[in-house]
Amino acid sequence: MPWQGGVYLLMISIRNPDIHLLIRHEGEHVIALEAMVGSDSITVVCFYFPPSLPQARMVRELQGVLDFITSNNVLVAGDANVRSSLWGPDVSDHRPLDEGGPLVDLILARRLHVWNDPSSPPTFETERGRSWIDITLSTSLLSTRKGDWIVHPTTLSDHNPITFVNNGCVGEPSPSSYGRLSPRRITKVAREVASLYHQFAPEIEGISTKHQLDMWIDRITHFIQSISVFNVSPKNCRLRVPWWDSSLDIQRKKTRALRARFLRCRHPQERLHRRIVYKKEAARYKYMIKTKSRQSFNQLCAQLTRNNPFDLPYRLAARKIPASTILRS
4 MPWQGGVYLL
14 MISIRNPDIH
24 LLIRHEGEHV
34 IALEAMVGSD
44 SITVVCFYFP
54 PSLPQARMVR
64 ELQGVLDFIT
74 SNNVLVAGDA
84 NVRSSLWGPD
94 VSDHRPLDEG
104 GPLVDLILAR
114 RLHVWNDPSS
124 PPTFETERGR
134 SWIDITLSTS
144 LLSTRKGDWI
154 VHPTTLSDHN
164 PITFVNNGCV
174 GEPSPSSYGR
184 LSPRRITKVA
194 REVASLYHQF
204 APEIEGISTK
214 HQLDMWIDRI
224 THFIQSISVF
234 NVSPKNCRLR
244 VPWWDSSLDI
254 QRKKTRALRA
264 RFLRCRHPQE
274 RLHRRIVYKK
284 EAARYKYMIK
294 TKSRQSFNQL
304 CAQLTRNNPF
314 DLPYRLAARK
324 IPASTILRS
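Just so you know, the sequence shown maps onto residues 4 to 332 in this note's numbering.
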């Protein structure tokens with residue numbers, strides 16, 4: 004995570020605790036790290052080419068990092084600030100088409116595979132224009148594991164987020180985690196295993212061959228996995244309603260982003276302006292929720308009363324629902 008002038012130029016965030024990291028290179032415009040899950044590993048290279056610096060110089064810095072890496076599973080992604088028909092449609096903007104020549108030469112020389120979809124929405128979009136300047140590359144071995152590559156034009160940032168799937172693995176995946184267990188459940192597992200051991204203690208103590216040992220290890224492992232505390236299905240606590248749609252998702256993201264900008268600001272006048280903008284969008288978000296929920300309720304009432312106008316909605320409005328019987332001693 005290089006730091007320059009109070010601004011982070013690059014950042015790689017890993018949210019999965021099962022992924023282990025090993026930093027390979029940390030430069031001003033290029034970062035490289037190795038992500039490992041079990042025996043599978045992928046070297047991730049992230050770069051940013053400022054438009055104010057010569058493109059050839061930036062490409063040489065990236066090439067030096069790639070020369071240092073010996074892995075065959077390399078993923079390269081970043082903001083190149085140049086356009087090319089290799090990773091985007093053949094459209095014109097203020098950037099010269101031949102400006103990306105050094106990067107194209109590097110891609111062809113190292114036989115890197117481009118993951119970008121030329122028919123995708125623009126990766127960079129502002130009021131002044133749009134372009135395809137964010138690139139995702141990989142080695143030929145890793146490209147066989149490529150899944151969906153999608154651009155999501157749903158945020159307030161100039162750069163649209165890109166998501167892609169890396170299918171399969173080279174080695175054996177790490178064992179699945181059972182999540183957090185309470186002390187009560189851990190005690191239950193310990194008691195169950197102790198009971199099993201006391202039941203078969205003479206047989207376990209008589210183990211004399213590797214085959215017998217492997218058999219008992221598999222048996223104990225299967226027994227632990229079959230205990231009820233590990234078989235609790237995860238519950239989805241999020242409320243699902245039929246009237247929620249993508250417009251509410253977009254408005255919620257917009258409101259949260261404006262709230263974060265308002266809370267980060269320390270300048271009094273700018274903070275007041277951001278607070279007004281945030282409050283307006285928050286009020287609009289609440290109004291959209293009320294409107295869509297009301298429309299859905301009206302449709303439900305119309306559906307219930309289509310066959311019988313004196314059905315449940317009428318009885319609720321007329322207070323003709325009998326109260327529950329209360330027994331008193």
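Think of the hints as simulated: they come from the structure by calculation, not from any bench. This structure is a prediction, so every number in the text was calculated from the model and none was measured. Be aware that a few hints might be false.
[Stated by the list, open to error] Quick list of simulated restraints, FRET-style, between CB atoms:
| hint | residue 1 | residue 2 | range |
| --- | --- | --- | --- |
| 1 | Arg222 | Arg114 | 45 to 51 Å |
| 2 | Leu251 | Leu307 | 20 to 26 Å |
| 3 | Ile207 | Thr166 | 46 to 52 Å |
| 4 | Ser160 | Ile189 | 22 to 28 Å |
[Said to hold, decoys possible] Pairs of lysine to aspartate or glutamate residues, derived as DMTMM-like cross-links and limited to a Cα-Cα distance of at most 20 Å, are as follows:
| hint | residue 1 | residue 2 |
| --- | --- | --- |
| 5 | Lys257 | Glu284 |
| 6 | Lys283 | Asp252 |
| 7 | Lys282 | Glu130 |
| 8 | Lys257 | Glu130 |
| 9 | Lys289 | Asp248 |
| 10 | Lys289 | Asp252 |
| 11 | Lys289 | Glu273 |
| 12 | Lys295 | Asp248 |
| 13 | Lys295 | Asp252 |
| 14 | Lys149 | Asp120 |
| 15 | Lys256 | Asp120 |
| 16 | Lys256 | Glu284 |
| 17 | Lys149 | Asp248 |
Where a beta carbon is used, it is the ideal one built from N, C-alpha and C, also for glycine.
Each hint, compared with the structure:
{"no.": "1", "hint": "Arg222 x Arg114: 45 to 51 Å", "in the structure": "holds, 49 Å"}
{"no.": "2", "hint": "Leu251 x Leu307: 20 to 26 Å", "in the structure": "holds, 25 Å"}
{"no.": "3", "hint": "Ile207 x Thr166: 46 to 52 Å", "in the structure": "holds, 49 Å"}
{"no.": "4", "hint": "Ser160 x Ile189: 22 to 28 Å", "in the structure": "violated, 43 Å"}
{"no.": "5", "hint": "Lys257 x Glu284", "in the structure": "holds, 8 Å"}
{"no.": "6", "hint": "Lys283 x Asp252", "in the structure": "holds, 17 Å"}
{"no.": "7", "hint": "Lys282 x Glu130", "in the structure": "violated, 24 Å"}
{"no.": "8", "hint": "Lys257 x Glu130", "in the structure": "holds, 17 Å"}
{"no.": "9", "hint": "Lys289 x Asp248", "in the structure": "holds, 14 Å"}
{"no.": "10", "hint": "Lys289 x Asp252", "in the structure": "holds, 12 Å"}
{"no.": "11", "hint": "Lys289 x Glu273", "in the structure": "violated, 24 Å"}
{"no.": "12", "hint": "Lys295 x Asp248", "in the structure": "holds, 9 Å"}
{"no.": "13", "hint": "Lys295 x Asp252", "in the structure": "holds, 13 Å"}
{"no.": "14", "hint": "Lys149 x Asp120", "in the structure": "holds, 12 Å"}
{"no.": "15", "hint": "Lys256 x Asp120", "in the structure": "violated, 25 Å"}
{"no.": "16", "hint": "Lys256 x Glu284", "in the structure": "holds, 11 Å"}
{"no.": "17", "hint": "Lys149 x Asp248", "in the structure": "violated, 30 Å"}
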